[in-house]
Amino acid sequence: MKVSDFSAPAAAPTADESLAQAAGHVGAPEPLSVSEFLNSFNKSFKRFPFTIKGEVSEVNAKAGYRAVYFTLKDASASLSCLMWNERYQRMGAPLSVGMVIEVKGHLSVYASKGRMNFDVESYTLAGEGNLRLQVDQLARKLEAEGLMAPERKRPLPAYPLTIGVVTSPRGSAVHDVLRTLRRQFPLAKVLLAGVPVEGPQAPEWLVYGLQMAAYNGAEVIVFGRGGGSFEDLMPFNDERVARAVATCPVPVVTGIGHEPDTTISDMVADLRASTPTAAADAVVPDKGALEGSLTALGGRLSAAMGKSLALHRTQLQRYAFLPLFSEPKRLFDSEALTLDSLSDRLSRALPGALEHNRQQLEGLAGRLARCAGSIAGRQRHSVDQAQAQMQGIAGHLTHRFHAEASLAAARLEDLSPLTILARGYSVTRAPDGSVVKSVAQTAPGESLAISVSDGTITATVTSA
Amino acid sequence: MTEQKPIDEMSFREAMTELEGIVTLLESNTLELEDSLKNYERGVALLASLQKRLSAADQQVEVLVGELAFHGSDEEQDTTLS
Numbered sequence: 410m411k412v413s414d415f416s417a418p419a420a421a422p423t424a425d426e427s428l429a430q431a432a433g434h435v436g437a438p439e440p441l442s443v444s445e446f447l448n449s450f451n452k453s454f455k456r457f458p459f460t461i462k463g464e465v466s467e468v469n470a471k472a473g474y475r476a477v478y479f480t481l482k483d484a485s486a487s488l489s490c491l492m493w494n495e496r497y498q499r500m501g502a503p504l505s506v507g508m509v510i511e512v513k514g515h516l517s518v519y520a521s522k523g524r525m526n527f528d529v530e531s532y533t534l535a536g537e538g539n540l541r542l543q544v545d546q547l548a549r550k551l552e553a554e555g556l557m558a559p560e561r562k563r564p565l566p567a568y569p570l571t572i573g574v575v576t577s578p579r580g581s582a583v584h585d586v587l588r589t590l591r592r593q594f595p596l597a598k599v600l601l602a603g604v605p606v607e608g609p610q611a612p613e614w615l616v617y618g619l620q621m622a623a624y625n626g627a628e629v630i631v632f633g634r635g636g637g638s639f640e641d642l643m644p645f646n647d648e649r650v651a652r653a654v655a656t657c658p659v660p661v662v663t664g665i666g667h668e669p670d671t672t673i674s675d676m677v678a679d680l681r682a683s684t685p686t687a688a689a690d691a692v693v694p695d696k697g698a699l700e701g702s703l704t705a706l707g708g709r710l711s712a713a714m715g716k717s718l719a720l721h722r723t724q725l726q727r728y729a730f731l732p733l734f735s736e737p738k739r740l741f742d743s744e745a746l747t748l749d750s751l752s753d754r755l756s757r758a759l760p761g762a763l764e765h766n767r768q769q770l771e772g773l774a775g776r777l778a779r780c781a782g783s784i785a786g787r788q789r790h791s792v793d794q795a796q797a798q799m800q801g802i803a804g805h806l807t808h809r810f811h812a813e814a815s816l817a818a819a820r821l822e823d824l825s826p827l828t829i830l831a832r833g834y835s836v837t838r839a840p841d842g843s844v845v846k847s848v849a850q851t852a853p854g855e856s857l858a859i860s861v862s863d864g865t866i867t868a869t870v871t872s873a
Numbered sequence: 203m204t205e206q207k208p209i210d211e212m213s214f215r216e217a218m219t220e221l222e223g224i225v226t227l228l229e230s231n232t233l234e235l236e237d238s239l240k241n242y243e244r245g246v247a248l249l250a251s252l253q254k255r256l257s258a259a260d261q262q263v264e265v266l267v268g269e270l271a272f273h274g275s276d277e278e279q280d281t282t283l284s
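Chains as they are written, first to last, in our numbering: chain A, 410 to 873; chain B, 203 to 284.
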């Protein structure tokens with residue numbers, strides 16, 4: 410089908426010319442060809458637009474067609490209509506059977522078939538349909554601006570401490586909202602903007618209410634009203650209101666009407682709830698869940714602390730059982746042993762050294778006497794010599810002895826128990842004079858002599 | 203944890219956030235015993251404050267615009283809810 414024929418300019422007289430022709434040739438009319446007639450007909454009727462109201466029946470909008478074909482009818486008549494695609498798409502609201510619409514356009518005849526159509530330039534939905542169309546058109550516009558984009562939707566605060574409520578102060582919706590907030594999260598403060606939600610002033614009030622709530626510090630706003638007719642909800646479809654919702658500095662949760670109702674405010678809101686009560690529920694944490702999570706946090710807190718204590722206790726016990734702490738005296742074991750052995754060696758070394766020196770001395774004296782005896786029996790002249798020699802030897806001996814003796818004395822001084830005692834050690838002796846080296850050597854009641862640097866202390870054993 | 207804010211001056215959210223932080227910190231088991239105890243003590247205080255606030259609060263309603271008519275108590279409301 411070549412629908413383009415409808416508007417194709419033909420090499421025919423203009424409508425004016427053809428009408429003048431027709432008028433000027435009364436009596437002897439020049440017959441027109443069919444094409445000429447239909448062309449002048451179409452051009453003439455283009456200048457007579459009509460508005461016609463009727464119900465849509467039989468819509469034919471196949472892909473590939475350049476126009477949409479439909480029938481408009483009333484109780485007793487029907488009219489074939491067509492609408493060019495580019496016009497139809499601009500309308501926003503697709504036609505469907507049963508719609509009551511008002512069409513604006515003019516009559517035209519499809520020349521090749523001689524079929525008459527009503528060429529529709531625009532249409533509006535009559536009555537509520539008209540409102541819906543307007544709403545749809547606004548929705549498209551705002552959507553095209555990106556106001557409904559998912560990425561524009563802000564997350565709601567988890568624990569809002571100030572909640573704005575913008576709704577009518579009358580009716581049950583406001584009380585449903587307040588009750589829900591009170592039950593779920595009583596510690597939030599509620600800022601109520603009670604504004605008219607119906608009537609011509611409602612959009613301005615709604616915008617004002619949103620602004621007031623945001624201005625006074627609401628962190629999130631519940632925005633809505635109870636159920637009503639489509640017309641009742643219209644203020645929430647108002648462009649000013651929709652823009653106020655979209656540009657509100659804090660998240661807006663809508664609860665407008667009942668479940669199936671969707672307004673433009675719902676579409677641009679950060680979250681859409683089905684009713685005012687659901688919107689209130691959405692902005693606050695669930696009290697039960699919150700209490701539950703607090704209890705859980707408390708449990709985790711105690712468990713973590715208990716674990717930390719147990720960990721530290723285990724660590725402490727590990728250290729407590731180290732020999733270092735269980736038998737601290739062991740620390741000085743090797744020193745004690747060294748000390749014991751030194752003192753033992755000392756007590757054995759002293760008398761031995763003295764005896765050795767005495768024997769040496771005695772030996773020397775004996776040899777001296779023997780030398781002197783043999784010398785007496787020799788020649789007298791050698792006596793003097795021998796005597797001198799002897800004296801020399803004796804002197805030498807004495808000298809050496811002196812040196813040795815003073816060396817011994819010095820060592821003696823070093824080794825003297827008195828020196829050791831002077832350093833703070835003491836020697837404890839049992840009644841029989843033996844040195845007490847072990848607890849086993851004493852018994853309670855026994856008296857002990859403790860030698861210290863400047864004397865002896867007599868002590869009695871009280872326990873051993 | 204520098205300069206702890208008095209719990210009474212903290213918002214519910216702040217207190218909740220700090221409590222969650224303390225629990226996580228304690229669970230990480232990286233603290234000295236003294237610090238564990240200090241944190242535990244603070245956590246318990248935060249928890250008590252949060253629980254008290256949640257159960258004892260009386261909702262405050264400030265009317266910015268319009269006049270709110272009394273609409274019966276919650277109990278009366280419940281019987282009329284559809």
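There could be a bad hint or two in this list.
To be verified - Covered stretches of chain B (chain A as the covering partner; in silico rule of three or more C-beta atoms under 8 Å from a C-beta of chain A):
id, segment
1, 214 to 223
2, 230 to 237
3, 246 to 255
4, 260 to 269
Just so you know, these hints were derived from the structure itself, not from any lab. By construction, the Cβ of each residue, glycine as well, lies at the ideal position given by its N, Cα and C atoms.
We went through each hint and held it up to the structure:
1. 214 to 223: holds (count 5)
2. 230 to 237: Coverage by chain A holds here, the residue count being 3 at a Cβ distance below 8 Å.
3. 246 to 255: holds (count 5)
4. 260 to 269: Since three or more residues must qualify, the claim that chain A covers the segment 260 to 269 of chain B holds, with 10 doing so at under 8 Å.
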